[in-house]
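Sequence lines, in order, name chains A and B.
All letters in the first sequence, in the order written, are residues 1 to 286 by UniProt numbering.
All letters in the second sequence, in the order written, are residues 1 to 315 by UniProt numbering.
Mixed in with the good hints, there may be bad ones.
Partial selection, computed: residues in chain A whose CB lies under 8 Å from chain B [stated by the list, open to error]: (1) 133; (2) 135; (3) 140; (4) 224; (5) 230; (6) 243; (7) 251; (8) 254; (9) 257; (10) 261; (11) 269; (12) 272; (13) 273.
Pair ranges (Cβ atoms, derived) [said to hold, decoys possible]: (14) B/107 / A/124: 25 to 33 Å; (15) B/32 / A/30: 42 to 50 Å; (16) A/27 / B/163: 34 to 42 Å; (17) A/124 / B/203: 26 to 34 Å; (18) A/117 / B/107: 40 to 48 Å; (19) A/59 / B/69: 52 to 60 Å; (20) A/281 / B/224: 29 to 37 Å; (21) B/107 / A/30: 39 to 47 Å; (22) B/163 / A/262: 18 to 26 Å.
Simulated from the structure, these hints should not be mistaken for lab results.
Since the structure is predicted, the reported quantities are computational estimates derived from the model, not experimental observations.
A virtual CB, placed ideally from N, CA and C, is assigned to each residue, including glycine.
Below, each chain spelled out in residue letters.
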Amino acid sequence: MSHSPSPTLSLRWRLGWNLRNGRLTLYCGLAIVLGWCLLALCAPWIAPFDPLMQNGELRLAAPSLAHPFGTDNFGRDVLSRVIWGARTDLQMALIGVIFPFLLGTCIGAISGYIGGLLDNACMRLIDIVLAFPFLVLMLAIMAILGPGLGSFYIAMALVGWVSYARLIRSQILVLKESDFALAARSLGFSHRRTLFGHLLPNALFGSVVFCMSDAVLVLLNGAAVSYLGLGVQPPTPEWGSMVAEGQSFITSAWWICTFPGLAVVTLAMGFSLLADGVAERLGDRS
Amino acid sequence: MNLARYRFVLIRPLQLLPVLLGISIITFVLVRSIPGDPARVLLGARSTPDAIQKIRAQFGLDEPIWVQYLYFLKNLLNGDLGKSLLYKIDALPLIASRIEPTLMLVLGSVLLALLIAVPLAILAARNKGGWTDNLIRLFTTAGLGLPAFWLGLMLILLFSVHWGLFPVSGYGRTWADKMHHLVLPCLTIALALSAVLVRNLRASILLEMQADHVTAARARGLGEGALLRRHILPNSMVPTINLLAVNIGWLISGTVVIESLFSLPGIGQLLVRGIFTRDYMVVQGVAMVLACATVAVNFIADVATTALDPRVKIQ
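Given only the sequences and the hints, what does the whole structure look like? Please build it.
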């Protein structure tokens, strides 16, 4: 009974195999994220209109061939604003991940490596930061710094570092007992070289994977903060603030808040598929 | 022997003290980072060097910073969180008067999320690897990526604008009216929350299905339904309760956005308004109250987990 399976069966089997190994998720996520990156990079050439150009005669125009996503209350083309908004939102997700990552990695690595009183103090500090609801502490910090993208990044770094610090610290605690750490030390390498040159590169793996799922959180938080009016300020195109602007017109012009929201959803899903895919692929290997 | 298991109920609150102290320190640092001299802000246009000096002495602002922190702590223990600049009343009673909508929103969302998540998780676990499972998995991935404010707007568009079933925003006066107003906000949070719960619950149901006591019960001839109800679900709910507690901070963050979206007069709306009106005492007060609430919920979850699962040991 060893005949070759029918083409459809083989396809189904292969699809199933790819699904199981997270390859499909990985590629889908990658395609979505890269697609948005491409749109953001080529925004000046792709966007049909200037995102800031107002047109008094075309206020709240419904989606049509000329304006596929309609126009907003200032007569600005929603499609162009969504495409230009990708620049702001991608930048927000990227920088919003990098700052907490760097801060958390440094604190976690040093805390785990030195240990003792410093480590204890760091752990308590992490407990305390985690006691605050994420967005609430962020908003409290942003209340002091004032609205804007800069204070969003600072608040994000001050609140978001804890997850990375925990991840890195737990890795460093294990690695510093390993033979290669001892070898590095007995070769006379300084503590700094041992930690940053030898231990840290081996500890980074988990938190780099975590970065990708964290990007979803950062993106949603950034959009939420902008929606509340504290992040990116109008008229800069940004998806969260566009949804907020469209909310007043929800009964008459559904398209203004719907399309920017869909953009957030697709990008967030892209990031989480990417994170899932990478985690599954790498989980298989180890 | 059995009493020793509950000893931690007494010890654990003592361990919380440093965290609570830390929350007060962070709040104090936040208050003191506000740009500008508090005395000058308080006096406004009437500020003369003489008056500023007097105010500084009166509020202890000329003392060293740690003495000021002790003053702050003393006021805190007396329930004094400062005065709201906007509402001209003490911050604590102001916050207390806004707790009800927020509490109802959180409870309603959790209840609704469990109602959505438990059947979906059972369905997914039973059809593991099938298309139902993949569909539910897609739902959870989408649910995690949905911005709450946009989901809420889409629900408004569908249920309020299109079908006219629920009010667009606000909070009612009578209980029935309040419930009516809370359906959409609760549903918004519940959809996102259930996405988190389904994944976890599915995994723990699958794990529990392979447990020896389940096989034993099945061998005794117990039906699949009874097996699920009596043996699998109760055990797999324990990690879910923990997950809810871990996510309480995230849940509270969600209510901040949702209250602004639906104009619910809760704590979150107070926070956002406070930020815009530079009502710092209210902002710090809300942050502190919500942080304490988070700590309290986690503590309760710890106690509940131990009560539900005798195997859990807490050092």
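Hint check:
The criterion of a C-beta within 8 Å of any C-beta in chain B is met by residue 133 of chain A, whose closest approach is roughly 4 Å, and the hint holds. Evaluation of the residue 135 of chain A hint against chain B yields a held restraint, the C-beta minimum of about 3 Å falling below 8 Å. With a least beta-carbon distance of about 4 Å to chain B, the hint placing residue 140 of chain A at the interface is held under the 8 Å criterion. The criterion of a C-beta within 8 Å of any C-beta in chain B is met by residue 224 of chain A, whose closest approach is roughly 5 Å, and the hint holds.
Using the Cβ-Cβ criterion of 8 Å, the hint placing residue 230 of chain A at the interface with chain B is satisfied: the shortest such distance is roughly 7 Å. Hint status for residue 243 of chain A: holds, given a least beta-carbon distance of 6 Å to chain B, under 8 Å. At its closest, the beta carbon of residue 251 of chain A sits 5 Å from a beta carbon of chain B; the interface hint therefore holds under the 8 Å criterion. For the restraint placing residue 254 of chain A at the interface with chain B, the shortest Cβ-Cβ distance is roughly 6 Å, inside the 8 Å limit, so the hint holds.
Interface restraint check for residue 257 of chain A: the shortest CB-CB distance to chain B comes to about 5 Å, inside 8 Å, so the restraint holds. With a cut of 8 Å, the hint placing residue 261 of chain A at the interface with chain B holds, because the nearest CB-to-CB distance is about 3 Å. For residue 269 of chain A, the interface hint holds, since its Cβ comes within 8 Å of a Cβ in chain B; the closest pair sits about 4 Å apart. This hint holds: residue 272 of chain A has a C-beta 5 Å from the nearest C-beta of chain B, less than the 8 Å allowed.
Against a cut-off of 8 Å between C-beta atoms, the interface hint on residue 273 of chain A holds, since the closest Cβ of chain B lies about 7 Å away. Here the CB-CB span from residue 107 of chain B to residue 124 of chain A is close to 31 Å, well matched to the stated 25 to 33 Å. As the Cβ distance of residue 32 of chain B to residue 30 of chain A is approximately 46 Å, the hint placing it in 42 to 50 Å holds. For residue 27 of chain A and residue 163 of chain B, the hinted distance range of 34 to 42 Å is satisfied, since their beta carbons lie about 39 Å from each other.
Against the hinted window of 26 to 34 Å, the Cβ-Cβ separation of residue 124 of chain A and residue 203 of chain B comes to about 31 Å, which satisfies the hint. Our hint of 40 to 48 Å for residue 117 of chain A and residue 107 of chain B holds, since their Cβ atoms are close to 42 Å apart. The given range of 52 to 60 Å is respected by residue 59 of chain A and residue 69 of chain B, whose C-beta atoms sit roughly 54 Å from each other. Separation of residue 281 of chain A from residue 224 of chain B is about 35 Å and conforms to the stated range, judged on CB atoms against 29 to 37 Å.
Distance hint check: the CB atoms of residue 107 of chain B and residue 30 of chain A are about 40 Å apart, consistent with the given range 39 to 47 Å. The beta-carbon spacing between residue 163 of chain B and residue 262 of chain A, approximately 21 Å, falls within the hinted interval of 18 to 26 Å.
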